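Sequence order for the protein chains is A, B and C. Just so you know, the first sequence maps onto residues 1 to 525 in this note's numbering. Just so you know, the second sequence maps onto residues 1 to 306 in this note's numbering. Just so you know, the third sequence maps onto residues 1 to 376 in this note's numbering.
The hints are simulated quantities; they were obtained by calculation from the structure and are not laboratory data. Hints are not guaranteed to be accurate.
[As the list claims (entries may be wrong)] Over 10 Å on every C-beta distance to chain C, these chain B residues come out as not near it, computed from the model:
#1 Ser58
#2 Thr91
#3 Tyr273
[Stated by the list, open to error] For lysine-lysine, the following DSS-like pairs were computed, each having C-alpha atoms within a straight-line distance of at most 27 Å:
#4 A/Lys210 to B/Lys159
#5 C/Lys223 to A/Lys376
#6 A/Lys361 to C/Lys326
#7 A/Lys88 to B/Lys287
#8 A/Lys283 to B/Lys287
#9 A/Lys405 to C/Lys8
#10 B/Lys287 to C/Lys8
Source: prediction; values computed, not measured. The beta-carbon is built from N, C-alpha and C at its ideal position, and this holds for glycine as well.
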Amino acid sequence: MGGTVSANHDGTNLLEVRGLTKIFGTLTACDHIDLNIAKGEIHALLGENGAGKSTLVKMLFGSLEPNSGEIFWNGQAVRITSPGAAKKLGIGMVFQHFSLFEALTAAENIALSLDDGSPISSIAAKARALSFSYGLPLDPESLVGDLSVGERQRIEIIRCLLQTPQLIILDEPTSVLTPQEADKLFETLERLRSEGKSILYISHRLEEVKRICDRATVLRHGKVVGHCNPREETAASLARMMVGNEVQAVERAPVEGIETAPSLLEIRNLSRKPATPFSIALKNISLDVRAGEVIGIAGVAGNGQGEFFESVSGEVQQHDAASVRIRGKNAGGLTITGRRLLGAAFVPEERLGHGAAPRMKLSENLLLSRHATDGKAFVGTGGMVKGAAVYAASQRIIEAMDVRKSAPDPEAAALSGGNLQKFIVGRELDRRPSVMVVNQPTWGVDAGAAAHIRQALIELSRSGSAVLVISQDLDELFEISDAIAVMHNGELSRPMPIAEATFEKVGLLMGGAEPGHAEHTLETA
Amino acid sequence: MDITVNILLTIATAATPLLIAAIGELVVERSGVLNLGVEGMMIMGAVAGFGAGYLTGSPWIGLLAAIAMGALFSLLFAVMTLSLATNQVATGLSLTLLGLGLSGMMGTSFVGQPGVRLPNLDIPGLSSIPIVGKLIFGQDPIFYISIALTAAVTWFLFKTRTGLTLRSIGDSHTSAHALGIKVIRYRYLAVIFGGACAGLAGGHLSLVYTPQWVENMSAGRGWIALALVVFASWRPWRVLAGAYIFGAVWIGQLHAQAFGIPVPSQMLSSLPYLATVVVLVLISRNKRLTMMNTPASLGQPFVPDR
Amino acid sequence: MMRLELVKRPQRSALFSMLSPFIAFALTIIAGAVLFALLGVNPLTAFRIYFVEPISQVWQLHELAIKAAPLILIAVGLSVCYKANIWNIGAEGQFIFGAIFGSILPVLFPQFEGPLVLPLMLLCGMVGGAAYAAIPAMLKTRFGTNEILTSLMLVYVAQLFLDWLVRGPWRDPQGHGFPQTIQFGDSAVLPELMPDAGRANWGFVFALVAAVLVWILMGRMLKGFEVRVLGSSPRAGRFAGFGLNRMVFFAFLLSGALAGLAGICEVSGAIGQLQPVISPGYGFTAIIVAFLGRLNPLGIIAAGLVLALTYLGGEAVQSALGISDKVVRVFQGMLLFFVLGCDTLIHYRIRVIGLALTKQDSAAKLEAAPKLKEAR
């Protein structure tokens, strides 16, 4: 491995950024950022959600225009006015939220990002060859909509590599991978470094940054707070730099005698046909969540978690009324409102547009999930909404969850991700539900808010409720769950008690393999 | 035999404007834009085509004027929806309302005036071959344009790089933007192409189909063209098939009226509209087909962050 | 090449929410002045005749109310649809079917008289409009058929159906062959509000009442909240437990009933019988009214009066200046365009990028960049 050079002192930086600033309205997303990337290094960009990482890389890739600041490429001042200009310089990007076209084939997707006029058939052949040489097998003829998240990421990476970039930017690449897939990716990255390419690696996962990165730049609130060699730091010291102070660790008291506690959420042989051509079928899922425990469901995105959440919440109803039982009553045939009235509460993955209506005020968003359960308190005779009562309740939640906002009752879209999520979770906790089902509780949420939400979920369970958490974040699940089940391709494994669970065991199940089975070496052979 | 040929010819004449307008709209929708102003652009094309032909005496100038007017009128829609990100449904509707009004005003002095007609193709020898001669070699020029257009659009969308780019924008404008594709520029061109097609279709109405100016002479054809695109699930050759089915319905009800079939003429006249509803229902029952083919970003406004 | 760029505002602008209809109206006036000048008419004279003279006397205000009533009634219903993101553009057809259903009593049973006739007619009108609107609603919920196209196609069918009725089975046998039904009896005519002052009838009162009721519904009631949630984010609406299919029916039936009521009021009040054509495009103009009123029922009252004035003004310029009455549709179309354009200002700031005459984008950007820095 030839790339352990820690810094480049002879001025041969590939990329230098001086004072780069981006302002959105009143928010300074990036505030005078300085950054150097040397040739042949893997450089980490660390920071929590909302620190300005994505804004910074969008400016480097030409999709956002800086308000001020300079960028030097090989010592030359450049203006990167469009992604096309970035590509011409030799900057490639692998997006966190993939920029792929579901209705097109992998080869067509790749062709679209290459500027030369080469025919699609030759691109397919080139992509196939390159993908095998990097151990990222890919079928160029397949429709992207049919592919798993990991496969989609391969397309993004191959697409980027085909442009023979000198700098590759990867935005949270492992968030959609199993631990084993991530290992595979690290091998690829190390190989790229040995070929002399530079990599800007964006992550908030400290262990992997320590493992593969040569240097790190840490952002907080839009500012650079430090440069360091991650190998010389501890995970705790890196976290302190990112967050600015110690984050309260989540406390989880072990539960006793859970076997005798009543099962408040029972799922029995739940199956569902795919609703759209691109969605996953659920196959015979069974699960019990008892009073007092938190069950976590791990899995790579797109393995049926969304479909499962819809089925449990009642956004989609079941033919078999006994396939979902809430507090001992058949709920499969009930709507989401009916299930809420039985004492269940739900928090979906998507905040804006699903858990909350973006252009509506917080008080109205409170009414969204509670107009029926709190019918007497919030809705008067003849269907008139009691505005004052709703407003008072929303202020109560805002206070309880420490929701930071700029106006007394702002639109949901005006809040940061973490604050909106605190409100949405708080809206349900405020009811003291007996069953709580949460999909991705802290996705895109800053560390402080995430800790707050996780602690609140544990406390809810310890007060006698059943809590089911679906998450792609394994760290989170190990932190809060009493047992972890894994969802793969619409099937759910038996929950493993937390004492027996390890990253490796869970990771193998996430990849769909039996423990001990070396799937990846087979696949790349 | 002659009657059959004549009926086939009239069906082709009735189908041609539907086909052209629908092919234009297909390209627009493939780029992710829903322009409900087809009826308005068509009627503007019709009045411009008639007017220019009537004033200059040349149907060819009329034809060019129709195309130019359609394109110009669609530009209004493009500025609104693409540069100002207005609601596409409402803007398309207002384009139709404005077109119906403007054309009526512009055409006041044309009412009752004799128009000029584009001559049919006439290749000595070939056109006089029995049956096929007239069908293949003796139709109006726009008929040939419409067939060529269908073939060209098919080739463009599915065989060229630019066509692939256009389809990708229709699938996801955010992804396209992230790759550096000029979403707005492509959409402008698509909308203007759609407008030119609708204008040409209107020109066909007032320069071939009935060479005169009658207010509201598009009679809902623009809307039927929109329905055809859905019916064809965004495939050009299926648009052609659909247009000819509708041409047949249109001509069929006219002939039925002429033959004095004992059904009220109004009921026959409403057949094309009812048929539109029926085919829309039939096609939308097939959810998978619709879902796989509908451009995913259709009708969504796009405002890039800068 | 000049380019417009939109910059999203962090919050919707309350100022432009208020101002946008007025800016749109002002822009329409400017464009109208250009239009009149092109037609060779002094714009000031034209505007006096168009906008001032038609409402300078009391009886003319009554005429304004007659024209405004159906526009307001229909637009109020449409505003609910559009807020729910459901695109009923077939109000013209629902208007016609309301008129037809409402006319069953006075046309087929003219001997039936008394105080019950009128309420029954109005009820029938609402049922007729709602029933006709139920067709696209049913097709949308059952088969997923696009409601824009079906509701519009049904307008053509309704127009032809009415044409057939008044030329065929419902034609007045004593009407000298004219395509019209018998004149409605006295108890089937919607009374005038102030017969001494002008012709305005109870239809205008219905319109105002409907607007206020829908305003309460949308702003104060859970049902209105449901409409707004489903319209702005359907997935959040489903999460709330609101059914989209039920909403499609609710919106279509409500707007259909109001359009039907407008139809029977027009026939019973302003016309007095059925004719082949009973509407100068009220169902389509109401779409403009709904948007000009910013989909707010109270705003729609004002917008309805403005659009009614465009009809009266159109008639006035036609008789005084010999300008085609099609100018009405042009005015209405322009107004809607400007309204939609100005609404952009509520959510975005508009930035004009580059005025370079070359087509080179990069050149335009370089010029624009320093301007930006100054602006900050």
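Hey, A/Lys361 versus C/Lys326, does the alpha-carbon distance stay inside 27 Å?
violated (44 Å)
Checking one constraint from the list: CA of A/Lys88 to CA of B/Lys287, max 27 Å. Satisfied?
violated (42 Å)
Has the given pair, A/Lys210 with B/Lys159, been kept, meaning a C-alpha gap of at most 27 Å?
violated (47 Å)
Is the straight-line distance between the alpha-carbon of B/Lys287 and that of C/Lys8 27 Å or less?
violated (35 Å)
Over 10 Å to the closest beta carbon of chain C is the bar; see if B/Tyr273 clears it.
violated (4 Å)
Measure nothing beyond the straight line between the CA atoms of A/Lys405 and C/Lys8; if it is 27 Å or shorter, mark the hint as holding.
This hinted pair holds, its Cα atoms lying about 19 Å apart.
Regarding the pair C/Lys223 and A/Lys376, is the alpha-carbon distance no greater than 27 Å?
Roughly 16 Å separates the two Cα atoms, so the pair holds.
Is B/Ser58 truly not at the interface, in the sense that its beta carbon sits beyond 10 Å from all beta carbons of chain C?
holds (25 Å)
Beyond 10 Å from every chain C Cβ - status for B/Thr91
violated (6 Å)
Agreement of A/Lys283 and B/Lys287 with the hint, judged by alpha carbon distance not exceeding 27 Å
It holds: about 23 Å lies between the C-alpha atoms, which stays within 27 Å.
Comparing the model with each earlier hint shows violations of hints 2, 3, 4, 6, 7, 10; every other hint is respected.
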